[in-house]
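Taken in sequence, the protein lines are chains A and B. Residue numbers for the first sequence follow the numbering used here, beginning at 4 and rising by one. Residue numbers for the second sequence follow the numbering used here, beginning at 44 and rising by one.
Hint data in this document are derived by calculation from the structure and do not stem from the laboratory. Think of the CB as a built atom: it goes at the ideal place given N, C-alpha and C, for glycine as much as any other residue. Take the hints with a grain of salt, since some may be wrong.
Where chain B lies over chain A, by a calculated footprint (3+ residues, C-beta under 8 Å) [as the list claims (entries may be wrong)]:
hint	segment
1	249-255
2	259-269
3	326-340
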Amino acid sequence: MPEEQQVIDKPESREIIAPGYTFGTVTDQIATVVLTKKTPLFWFGGFGVGLALLFGFLLAVAVLFARGVGIWGLRTPVMWGFAITNFVWWIGIGHAGTLISAILLLLNQAWRNSINRFAEAMTLFAVACAGMFPVLHLGRPWLAYWLFPYPNTMGVQPNFRSPLVWDVFAVSTYATVSLMFWYVGLMPDLATLRDRTNNRAARFIYGIMAMGWRGSARHWSVYETASLLLAGIATPLVLSVHTVVSFDFTIAIVPGWHSTFFPPYFVAGAIYSGFAMVLALAIPLRSVYGLQGLITDRHLDNSAKVMLATGLIVGYAYILEAFSAWYGGNVYEQSIFWNRMTGPYRYFYWSLVFCNIVAPNVLWFKRVRGTPALLFISSMVVLVGMWLERFVIIVSSLAQDFLPSSWSVFQATRWDWLTYFGTIGLFLFLFFLFIRLLPMISIFEVRTLLPQAKIEEEVQG
Amino acid sequence: MTAQALDFNLSTELKNDLKQWRTRALGVGIAGAVLCLIGLITNPFQFYRSYLWSYLLVLGLSLGPLAWLMLQYVTGGAWGVVIRRPCEAAARTIWLVALMFLPIVIGIRNLYPWSRAKDVAASAMLQHKQPYLNVQFFLIRAVVYFAGWWFLSWFFNRWSAVEDRDGGEVAHRKMAFLAGPGILFWGFTVTFMSIDWVLSLAPEWFSTIFGMLFIASQMLTSMAFLITLMVLLSFRRPMSEVLTPRHLHDLGKFLLALVMVWAYFSFSQFLIIWAGNLPEEIPWYLTRLNGGWQYVALALVFGHFALPFALLLSRDLKRNFKLLAGIAIFILCIRCVDLYWIVAPDFRKASFGLSWMDFTAPMGLIGIWLWYFLTQLEKRPLMPSQDPLLEEALAHGRE
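Whole structure, please, built from the sequences with the hints as guidance.
If you want it as C-alpha cells, here you go:
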C-alpha cells in the first residue's frame with residue numbers, strides 16, 4: 004500500500020507510534036517490563052524513595068492519631084491549612100487521567116491510547132492520596148462514616164445543603180468509576196500477561212484478575228460497549244468533581260472564595276496540574292524503559308499544548324479576579340486581595356503568579372515542547388505553582404478574616420510537611436508497584452494504532 | 044471522489060437561491076429598520092433597549108465564527124474545513140457590525156446609569172467605578188475591540204485567499220501561528236465587551252463568570268447559525284457533494300457540548316449567588332426571578348437546556364439534516380429569549396413586558412446583517428480547495 008505509506012510519512016503528521024513496530028514487538032516491549040526477572044536500578048531508587056516517605060507518612064499519622072490535629076499548624080481562624088490544600092491539589096492531579104481516558108476516547112483522539120493506562124493509574128493513586136486528607140482532618144477519623152447518610156438510631160443525617168457533603172459523594176463516585184474504568188481496560192492485557200508468563204504463581208494471579216478473558220469476538224464486543232459506557236459516565240466526572248470542590252469555597256461567603264467563575268477555573272487548574280504530572284511521569288519512564296517509540300514526542304507536544312491552554316485559562320482567571328476585586332467594590336474582597344499581594348503571604352502569591360502564569364508561556368515555543376528535559380522542568384514548576392495556588396487561596400482568605408483581632412500568620416509544622424511529603428511517598432510507592440506488576444501502556448490499544456491494524460479494517464469495511 | 048474532481052464554485056442553482064434569500068433578507072431588514080426609525084421617534088428610550096439585546100445577537104453571529112475559524116487552525120481539526128468559508132464570510136461582516144454599534148454610542152445615556160452624571164453623583168459605588176466606567180474610556184475600549192476583531196478577520200481572510208491562489212502550506216502555517224494568540228485576544232476582548240456593554244447595565248452587580256458565559260453563548264449562537272446554513276447549502280452543489288451526515292454529526296456534537304457548557308456556567312453562577320445571598324449580588328437574580336420574569340427563567344431551563352440536551356443526545360438526530368437544523372433554529376430563538384432575560388429586566392424591574400420594538404429591532408438588524416453576509420458568502424468558492432486538511436476532511440465524511 005504505497006499510498007498509505009505516503010500519508011503516514013508526511014512531515015507534518017508526526018507519528019503517535021514510531022515506524023517499524025509490529026503486533027509482536029509492541030506486546031514484547033510492554034510486557035517485558037513486567038515479566039522480566041531483572042528489575043532496573045531506577046525502579047529500586049524510585050520505589051525506595053516512595054517507601055521511605057511512606058514510612059514518614061505512617062509516623063506522621065500515628066502521631067496525629069495519638070495527639071490530635073493540634074500537631075498541625077491549624078489555628079483559629081485557619082482551620083483548613085495544609086490538609087485541604089493537599090486534598091485539592093491531589094484531586095486536581097487525578098483529573099488529567101480521566102480526561103485522557105474518557106474525554107479523549109469520546110473525541111476519537113487515537114494518540115491517547117499509549118498514555119491512558121498510566122494516566123488512569125495516576126488518577127487512582129492521586130485520589131487515594133487526596134482521600135486521606137479530609138479523613139485525617141476530621142480529628143476523629145474513626146467516625147468518618149458519619150459523613151454518609153446511613154440509617155441510624157439517632158436519626159442524624161449530614162446537612163445536604165453543605166458542599167462538603169456533596170464532596171463525599173463526588174469523590175467517592177469518582178474513585179469508584181475510575182477504578183472500574185481502569186480495571187475493565189486492563190482485562191485484555193492481564194490475559195496477555197497470563198498467557199506469556201512462565202511463573203506459575205503469576206499465571207494464577209493474572210488469570211484470576213483477567214476473569215477468564217479469551218479474546219473471543221463476543222468478549223471484544225462486550226468490552227467495547229462497556230468501555231464506551233464507562234467513558235460516558237466518567238466524562239461528566241471530569242467537570243463535576245472539581246466543580247463540587249470549588250463549591251466548598253464559593254458557597255462559603257469568605258472574601259477571596261466567593262467568586263462565580265471558580266467552577267470552570269478549578270476544573271482548568273485541575274487539568275493543568277494533571278497534565279503536568281502526566282509529563283513528569285512520562286518523561287523519565289519512557290527514557291528509562293526505552294519507550295520513546297510508543298510515548299513519542301508527539302504525545303509530549305500534545306500534552307504540553309493542553310497544559311498551555313489550561314494554564315492560560317488559569318491566567319485569565321487571575322486577571323479577572325484582580326479586576327473584579329477592584330470593580331466589585333466590596334472592601335473585604337479588596338483587602339483580601341491586597342493582603343495576598345502585599346501581606347505576609349506575598350512571597351507565596353508572587354511565586355504562584357510566576358509558576359502558573361509567567362513560566363508556562365515558554366510552552367508557546369515548539370523548541371521547548373520538543374525538548375523533554377525542559378518540559379519536565381516546566382511541569383515541575385506548574386505542579387509547585389498549583390500547590391501554591393491552593394495554599395494561597397485557602398490560607399490567605401482564612402488568616403485575614405473579618406475580625407482583625409484574630410488575624411495570625413499560618414505556620415506549617417514539621418508534621419504538616421511530613422504528612423504532605425508522606426502522601427507523595429504513598430503515590431510513588433503505588434505507582435512503582437504498578438509499573439512493575441502491570442503493563443504501564445495499554446498493549447492492545449497501542450496495537451490498534453499500527454498501520455497494519457488500519458489496513459485490515461479498511462479491507463473488511 | 045478526490046478534491047481535484049470536485050468543483051467548489053457555487054452552482055447556478057445555488058446562486059439563484061442565494062439571490063432569492065438575499066432579497067428577502069434585505070426586505071425584512073429594511074422593513075424592520077423603517078419600523079425601528081418610527082420607534083426611535085415615538086419612544087427613543089424603548090428603541091435603545093430593544094436595540095441593545097438584538098445587537099448582541101448579531102454580534103455573536105459575526106464574532107462566534109471568527110473564534111471557530113481560529114479554533115480550527117489551533118486544533119488542526121478536519122471538522123473545520125467544511126465550515127471555513129461561511130466562518131470567513133461571517134467574520135468579514137465585522138465592519139458592518141461595528142457600524143451597527145453607533146446607535147448604542149448615541150443612546151449611551153439612555154442605557155447605562157454610569158454615563159449619567161446625576162446617577163453617579165448619587166451613588167458611591169458608581170463613583171468608585173468611574174475610572175473604568177466612563178464614556179471616554181468606554182468608547183476607547185470599543186474602538187480597541189473592533190480594531191482587533193477587524194484585524195483578525197482581515198488576516199484570516201487574506202491568507203485564506205492566498206492559500207486558494209498559491210497553495211496551502213505557507214499560508215496555513217501563517218494562520219495557525221496567529222490563531223493561538225488570536226484566540227487569547229478574542230477571549231479577553233469578548234469578556235471585557237460583555238462587562239462593558241451588558242454587565243454594566245446593572246453597575247452595582249458583578250459576576251466573574253459572566254465573560255465566560257458570554258463566550259459560550261456566542262459560540263453556541265454561531266454554531267446554531269452555521270448548522271442551519273450548512274443544511275440549507277447542502278441541497279445544492281457544491282455542498283451536496285461534500286457534506287455528509289458525518290460532518291453534520293461533528294457540528295452537532297459541538298452544539299450539544301455548548302448547550303451543556305452554557306447550562307454549567309449559568310447554573311454555577313446561579314447556585315453560588317443564591318447560596319451566598321449577599322446584598323450586592325442577589326438583587327440581579329431577584330429582579331429576574333420575580334414579576335413574571337421567573338417564567339422566562341423557567342422557559343430557559345427547559346428550552347435552553349433540558350429540551351435541546353435531551354434531543355441532541357441522539358446520534359441519529361445529529362445525522363439527520365432537517366431535524367438538526369430544526370433544533371439549531373430553535374436554539375437561535377431561545378438565544379433571543381436568554382439575551383432578553385439578561386438585558387431587559389434592568390429596564391423593567393417591576394414586571395415582565397415586551398414592546399413591539401423587541402420584534403422589529405432584531406428583524407431589522409438580522410435582516411440587514413444576513414443580506415450582507417450572503418453577499419460575502421457568494422464571493423468565494425464554498426470550500427478551500429488548496430487546504431492541506433481538505434482530503435482528510437472529505438475522507439472523514441465518507442467514513
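Okay, the hints, checked on the actual structure:
Beta-carbon proximity to chain B at under 8 Å applies to 3 residues in the segment 249-255 of chain A; the threshold of 3 is reached and the given coverage holds. Only residues whose beta carbon comes within less than 8 Å of a beta carbon in chain B count, and the segment 259-269 of chain A has 7; three or more means the coverage holds. A stretch counts as covered by a chain when three or more of its residues have a beta carbon under 8 Å from one of that chain; for the segment 326-340 of chain A and chain B the count is 5, and the coverage holds.
Checked against the numbered hints given earlier, this structure breaks none of them.
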